[in-house]
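Q: The primary structure of each chain is shown beneath.
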Amino acid sequence: MSNILTVLIFFPLVAGLFGFMVNQKSIRAYGIAVAAAEFLLSLWLWMSFDTSAAGMQFVEKLPLIPEFGINYYIGVDGISLFIVIMSTLMTLIGIVALSIKENLKNMIITLLFLEVTMVGVFASLDVILFYLFWEFSLVPMLYIIGAWGGPKKLYAAVKFFIYTFAGSLVMLIGILAFAYLYHSQTGTWSFSLTDWYALLLPFDAQTWLFWAFFLGFAIKVPMFPFHTWLPYAHGQAPTVGSVILAAVLLKMGTYGFVRFSLPLFPDASVAYIVPVAIISLIMVVYTAMVAYAQKDIKQVIAYSSISHMGVIVLGTFAMNVEGIAGSVFLMLSHGIVSGALFLLVGVIYDRKHTKMMDQFGGLAYSMPTYATIFGIMTMAAVGLPLTIGFVGEYLSLAGFFKVSPVLTVIAGTSIILGAVYMLTVLKKTFFGPITHEENKHLPDLDGKELWALVPLVAIVVWLGVYPKPVLGPIDNSTKALVQLMHEKAQTDLAKQTISVSKNSAKEAK
Amino acid sequence: MENLLYIALFAPLVSSLFAALFAQSQKNLLVGIVASLLIGVSFVASATLLLELAQNPKAIHANLMDWIVVGDMDVRFGFTVDQVTAVMMTVVTLVSTVVHIYSNYYMEHDRSYNRFFSYLSAFVFSMMVLVMSDNFLGLFIGWEGVGVCSWLLVGFWYHKKDETRDVNPSISPSWAANEAFIMNRIADLGLLVGIFMIYWNLGTLRYEEVFAHLDQLSHGLMVAIGIALFIGAMGKSAQFPLHTWLADAMEGPTPVSALIHAATMVTAGVYLVIRANPLYSTIPEVGYGIAVLGTFVAIFAASMALVNRDLKRVIAYSTLSQLGYMFAAAGLGAYWVALFHLAAHAFFKALLFLGAGNVMHAMHDELDMFKMGGLKKEMGKTFLYMGLASLALSGIYPLAGFFSKDTILEVAFNEHTYGIWFVLWLTAGMTAFYSFRQVFLVFLGDERYKKYGIHPHEAYNWVFIALAPLAILAVIFGFWKEEFMHFATQMLPVYEMSEHTHHMVWILIIVTTAIAVSGILLAYFKYAKGLKRDPKVENSFAYRLLSNQYYIPILYENAVSKPYADLSNIAWQAIDMKVVDATVDGIAKTIEKGGDVSRQAQDGNLSSYLKWLTAGLILVTLIAVASVAIK
Amino acid sequence: MAPITIDFASLNLMTLAPMLVVLFGALVILTIDLIKSDLDKTLYTTLTILTLFIALGATLSLNINERGLFNTILIDGVSVLGQAIIIIASMLFIPLALTKRKFHEFSYPEFFSLFLFMVFGFQFMAASDNLILIFVGLETASLALYTLIAMHNTKLAHEAAIKYFTMGAMASGFFAMGAAAIYGLTGSVEMDTIAKVFQERLNDAGILIPLIGGALLMVVAIGFKVSLIPFHMWTPDTYEGASAPMAGYMSIVPKISMMVVAMRLFGIYLELDIEIIQDVIIALAVITTTLANMMALVQEDVKRMLAYSSISHAGFVLIAIALDTTKGYSSFFLYYGLFMFTNLGAFTVLWVSRHKYNIHDERFHHPYSKFAGMIHRSPISAIIMAIFMLSLAGVPPFSLFWGKLYILSAIVDSEWYIVAVIMALNSAIAIYYYLKLIVYMFLKPEDISGGKVVYANRALSLEIVIGIAAFVTVTSIFYIDPLLSFITNLVGASGY
Amino acid sequence: MTLTLTHYLVLSAILFAIGIAGVVRRKNLLMLFFATEIMLNAANIAFAAISAYIGDLSGQLFALFIIAIAASEVAVGLGLLILIYKKYGTLDLDKFTVMKG
Amino acid sequence: METIAFYIFAILITGLFLVTVMSKNILYSMSALAAGMVLISGLFFILGADFLGAVQLVVYSGAVMALYAFGMMFFDATRNVKEKNSSGTLVFLLSGLSAVVLVAIFAAPSIGANIKPLVTGAKGLDNPHVIGEVLFTKYLIPFEVAAVMLLVAMIAGIILASKKMDKSLSEVYIDTLPEEELKEQK
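Protein chains in written order, with this note's numbering: chain Y, 1 to 509; chain B, 1 to 631; chain W, 1 to 496; chain G, 1 to 101; chain C, 1 to 186.
Worth double-checking, as some hints may not be accurate.
Derived, one-sided and incomplete: chain B residues facing chain Y with beta-carbon distance under 8 Å [to be verified]: (1) Tyr158; (2) His159; (3) Glu163; (4) Val167.
If the Cβ cut is set under 10 Å, some of the chain W residues that face chain B in the computed set are [as the list claims (entries may be wrong)]: (5) Ala17; (6) Leu20; (7) Leu60; (8) Ile64; (9) Gly68; (10) Lys163; (11) Met170; (12) Gly223; (13) Phe231; (14) Pro236; (15) Asp237; (16) Asn358; (17) Ile359; (18) Ile429.
Residues of chain W clear of chain C, computed beta-carbon distances all greater than 10 Å [stated by the list, open to error]: (19) Met14; (20) Thr42; (21) Thr154; (22) Ala180; (23) Thr186; (24) Gly373; (25) Ser378; (26) Ser461; (27) Asn489; (28) Gly492.
No lab work stands behind these hints, which were simulated from the structure alone.
None of the values given here were measured: they were computed from a predicted structure.
No residue lacks a Cβ here, since even glycine has one placed at the ideal position from N, Cα and C.
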């Protein structure tokens, strides 16, 4: 099946359209079935993926607008493969854990549409196609936040939409400018990423384009100071919205850095490591502090996402295989872990309709399983070895250490500050005596919640202990990426900074 | 051999998982028994490995699987059992076994009995990973693992509420657990940085390869690595200024204190320094710094122990103090001595703690020694065990502590670091004093507990049988000093005493024993007859300084925690909301305001529309003129 | 007096075919009305569509780059495209007459013939480079348009018509004056000659002031018609007062015909590298887009919002014209071709929901609050309307995204980077008010106070139009390529 | 001093400006329409003059068509005025300000 | 001679049109407009555009002014119209500035200079003949379109002024809702 990737992208779309025909009562089962099928499809993709090859696989290329060089051009490599799988997994889990009663049908169909865009973003090799999915992903998310959100849902949804939209428009200009430069150098129009990789740009052009792309990605990530939409979006979104938002949508930004900024503008990327790193450090430290100040559990996790994304960005700009592969892995692990944490917050929200920490305390007594899973996820979030969180964080920091030890030490405070706010949440929520009478009889996790969470726990441990099946392909593709960057680099600084790993020359091609 | 290694390593894991299966059910005695057995299996395997190594001094390597293989980084789950590891393994599993068995008694009425065993075994597993790993990152796994288990176990009684410092200086178990975890994290960052430096400069993290290629590193770099690794060690071993968590960690169940906060985990820092001896040997200035810090901590902690009324805290400070001794030895290059003291200390300190556990049980979790006294009558066996352990701790011949501690003093003397020697010597006296102050306050004198209506009772007999190995080792371990030295120095550098020291040995022994004995005697005279409180002393500045731990916890709270919380609030409410977010909203509002202003022009009156049309002609003319003017 | 002999073939009468078809249709309708006066509007509607259909066929079968009838008619790719868009938009418009409710204007058979006369006028604007013919065509169309607006026969429609008419009369004056200046400089009213003479005289002393000045006067006249700020003042009022389909129609056809004129006229200047004109147009376009977006933000009525939105769209496409590149011109046609469907679709949805009485607001027919919770009442209309809104906002993969993409690309290609960024950010402002409607439709609770019947005016023909518009909007990705090649070929063939 | 084209054109420009003044000044719609007639007439003068001075007929014809246009505008405009007058009872444009903003 | 005539005409026209624009009395205003238009036809005659002059007289001074007169009667506007005129400064500023711009454009000497006539018609014919010839050849199409335009204007005028517009079908006020709509609303 050579067009499996196309099927993977558009299956939820078709299924979503057919979903309109399904009866309200059975829609949940339908949603789970479709999402499960999609997830299995993505697993099949992995099974048929040649893990030893570094390049793009399952490539399909059909002309869409040949006049303007736009193709339906998709494919995955080690970097994107797992993000795709994570997207399908988190959608499945999100649907399984859905606790929404009203308009369930709309929710499930919307989630399926969202899945299309998520898979599409990560599988696109044509920049316009990428942009198309990228932008459209906002729409289902807008609906999810706006329709099922909290009291300030409209503000949050619209803010989320417009903020991200504004950033990506600037990126669109960057894309068009790049295409123009490509056209003026080669005489043909092309938006194919692989074509673009071959283009050498002068440093000035790289700089401008780098920042144009940066703005689009930075708002999505979100990087300081463009992050303020995120707490609102998370704070107001329903559980499943937060899960998908944190797990997948934010990753689009960092994925963009890896897929676009670095290989397209190697010199500019190297030249602006310091400003980017400083922003990342602010994200790491400052947002960790803000997270500590929160009183709402969900907000803590929202801000913690920003903090972790800082580490991811840092790893990306390490310009070596360790850092970049680490950041890609951290994207996965953060997706799983923060997704799980949001699910967990949703659990108590469903029971008590509040997320304020002072309304809880001593939950470990009444909800032991819940507390256990929360604890495991917390530990993964603070990067405990043998959980999924450690591998990526360690590699990212290790990678960036090569670039700047001092900055890495500052960024490394994330392991301290992360522990500070996460443990505070645990302490306030789960420990101590039960202060509110009604909390004594809160029911522990029920079946559907366990079905959603236990697989995540299993993944957290499995990939923490044995990340190789995932890390291997990421490693291969990252080596090729770094090799490419090194070859493309024109300035001496970039040549020095981009460090090709010793055994990559053989494997890259 | 590999199989033995894996048995030793994974038996605790199996134990933990097994217990975890029952975590939410009623107490199940089976869990305790199986867990204890499995740890026992691990001990047997470790001991076998130790004996094996004693005969055939070739280190055993095992490679389980790949872990992180990225770029040039190739980290595997690799394990090695060499002399140092074997000693550590044996000590850890032995103490663990005893503690597991003991916990069957101690936790028998706890509703989370099963959960406790799960955590405890998980800790043993982490500790095994820590000591058995053949690379720094593997060590880091264990390092963090023991941290988490410590967090879980310290906060085991999570349901207790926060108290003020006056009521409970540790505030609450969950608070203490968090403090411990976070402080350790600070140090872990140092360790991590050390690991990064090693990786980027040597391209590998395996001990063998790292230590074989140390000559590739510049001196400065080695100093940096040494310091970074030692920062990691400082956290785990609670060295100043990261020491406050250890005393607070006494909030955990006493077996935990015995195992984690006395015998094993806190010695991980010492283990790291010993493990990295090729590195520290090349940078003696850092070693000297370590020794000085260790010495300082030794007397610093001992001084706090002098006045504390809390049974467990005294032992905790004593642990801290003894860790200082170990660092002093290691820093001075006498690695095997440090390891020896580590092992000896593990035995008698665990014993001391477990004895204290008996007392606590008897006293219904009352920890204030001023409320005890005269317990000898009810708890003779406990008195015996604790007395033995205290003697060992005080360094009285022929108990284990005598050999190990005296050797450290000799080393200090031998290195001509007389200052260190003197302080350690002084500390030895203080150690003897507070140890026996404790023993006498608890077991001798008037029966103050009666006032509080407590009816103490002795523990079961089988508990004492279980504790017997520790007691025996506390007594006889010292006699194996020569054998131990031979065994350890197959791996660690041999430490040669100079001629001069050899001559002085006897004098040193006498001097040391003298101060120890005088400490005991002082304690006896002061406390054996009963508690006579002197308000003048208790209100003196020095006393209050010591009993408030030099005000350091309060200092940390006021200088770090509170400002951090305040700063966080400022960051959130003043910066994030009022500046960053307000800017974004401000832009949006400005645009909307612009819309409101410009729609004023659209006033519905045709006449003004026509005026605007005319004005448009002028406007385009102006634009054209401006365009010309600019170009 | 010698008889004048003219070779019939040289007239090239075929170039006139589309207009003649339309004219014929209009006259037929008038005649039918004369013969039997109580015929139903469905007949006239159908006749109109058929007429337009034939006209469209005639347009598309025209040979490119021909002149006819004493050089007054110019059939190049641009005029074919322009006429095609005009006719297609008209074909989409006319079925909207068949509403469930009766509205005043459609009760007149003359409405349909006037409508065809108007199309006839617009066709000449697109298909001529003779200023006289353009002017006469413009006036024919405009006068018919004023009447059509007024025929809606509500108070607001009258107000709308009078405002439009008065400003239009003044703008005509500017057109005449501008034409006079150009005529004075070149001695010709035909643009190819004008271009030639300009070229020759470019270096004459002191020519620049009248040269530019004439263009500026034309900018006023054209700016009025395509509603550039500050000549736009009539637009929101007229759109509000006119019936919804008429407003939608006005946002497309008059603009596109005038844009074609602008293309031809300013093309002369741009060809000569007179940057001042380019600067003026781009500055106006930027002002227009930005201010219109800002004003649209604060509207309470959807139709009025769409009026401002179409102003901003006009500003946006005007930049494409000012670039003077083939890509720019092509992108302009692409954009308008797509905009036509989407925007008419959106206005038609409003038309469907039109009541004869105002229950939601004293003044407005389509306040936002009317659409609150629409998803619960009529999910499909809500979804389709949302698609139109997203398309207008330029959210992929809907049709206008491609238009936006291509125009932005054209701007970037001409290295007007700053302008491109401003325009892009304008999209971000614009999305707010489109989202506002979506938010009302999808996310707000239903307004129970009154006005339950939202689609009082629903009828099959309207649904068909909406359906076509939605289909075109959604499936754009599949036909953009052939469409783009078609447009680029035609535009390229015209020498732009 | 001979009569040049410029004389006519300046006259035309001035008349046009007078027309503008009338348009922007008048509040009575009927009188406002007078002013638009002035504007068109001003353009006519320009066309006729240019046409005459360069000996080209296009200008005259343009003027001719402008006259036709003006006449048509008057017809439609008056129709609208009648309509409005019937509904509002006034021609004062200050009264037609329902739609704004 | 021509010059003098031009100046007289110019001054008169300007004055009359100023009266048209400024007068408060609609009758004066209209009369001045009519007179100005007649004088403009004089200018056309000076310029040799006889046909144009004639058309100006007939169409403008005749038809258009007649229409206006009828309209004026209809609107009962013979009495002084009370206008709240716009602020004088603004009007002066706007018209003054546009006058400056327009004069600047049209006073340029390059207008009308060095231009080859393109449309001349057959030689030796008088003006109306030439016009006729050109109108029916070169400008046939505009001529036809203008015819359509006049037709449109006619239809428009008829419709707009007709009685049928008196009662609107498009607008219903809530208190006069027909039965069926009320039913639907419930």
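Q: A separate judgement is required for each hint: does it hold in the structure or not?
A: Hints versus structure:
1. Tyr158: 4 Å, holds
2. His159: 6 Å, holds
3. Glu163: 11 Å, violated
4. Val167: At about 15 Å, which exceeds the 8 Å cut-off, the nearest Cβ of chain Y leaves the hint on B/Val167 violated.
5. Ala17: 37 Å, violated
6. Leu20: 35 Å, violated
7. Leu60: 37 Å, violated
8. Ile64: 34 Å, violated
9. Gly68: 34 Å, violated
10. Lys163: With Cβ-Cβ at 5 Å, under 10 Å, it holds.
11. Met170: 6 Å, holds
12. Gly223: 7 Å, holds
13. Phe231: 5 Å, holds
14. Pro236: 6 Å, holds
15. Asp237: This hint holds: W/Asp237 lies near chain B, its Cβ roughly 7 Å from the closest one there, short of 10 Å.
16. Asn358: 18 Å, violated
17. Ile359: Violated: closest Cβ of chain B sits about 23 Å from W/Ile359, beyond 10 Å.
18. Ile429: The hint holds - W/Ile429 has a Cβ within 10 Å of chain B, the shortest such distance being about 6 Å.
19. Met14: The claim holds: W/Met14 sits with its nearest Cβ about 14 Å from chain C, beyond 10 Å.
20. Thr42: 16 Å, holds
21. Thr154: Violated: least Cβ distance 4 Å, not greater than 10 Å.
22. Ala180: 8 Å, violated
23. Thr186: W/Thr186 not clear of chain C: closest Cβ-Cβ about 7 Å, inside 10 Å.
24. Gly373: 17 Å, holds
25. Ser378: The claim stands: W/Ser378 keeps its Cβ more than 10 Å from every Cβ of chain C (closest is about 15 Å).
26. Ser461: W/Ser461 is indeed farther than 10 Å from all Cβ atoms of chain C, at 18 Å.
27. Asn489: 27 Å, holds
28. Gly492: 27 Å, holds
In summary, the structure is inconsistent with hints 3, 4, 5, 6, 7, 8, 9, 16, 17, 21, 22, 23 from the numbered list given earlier, while agreeing with the others.
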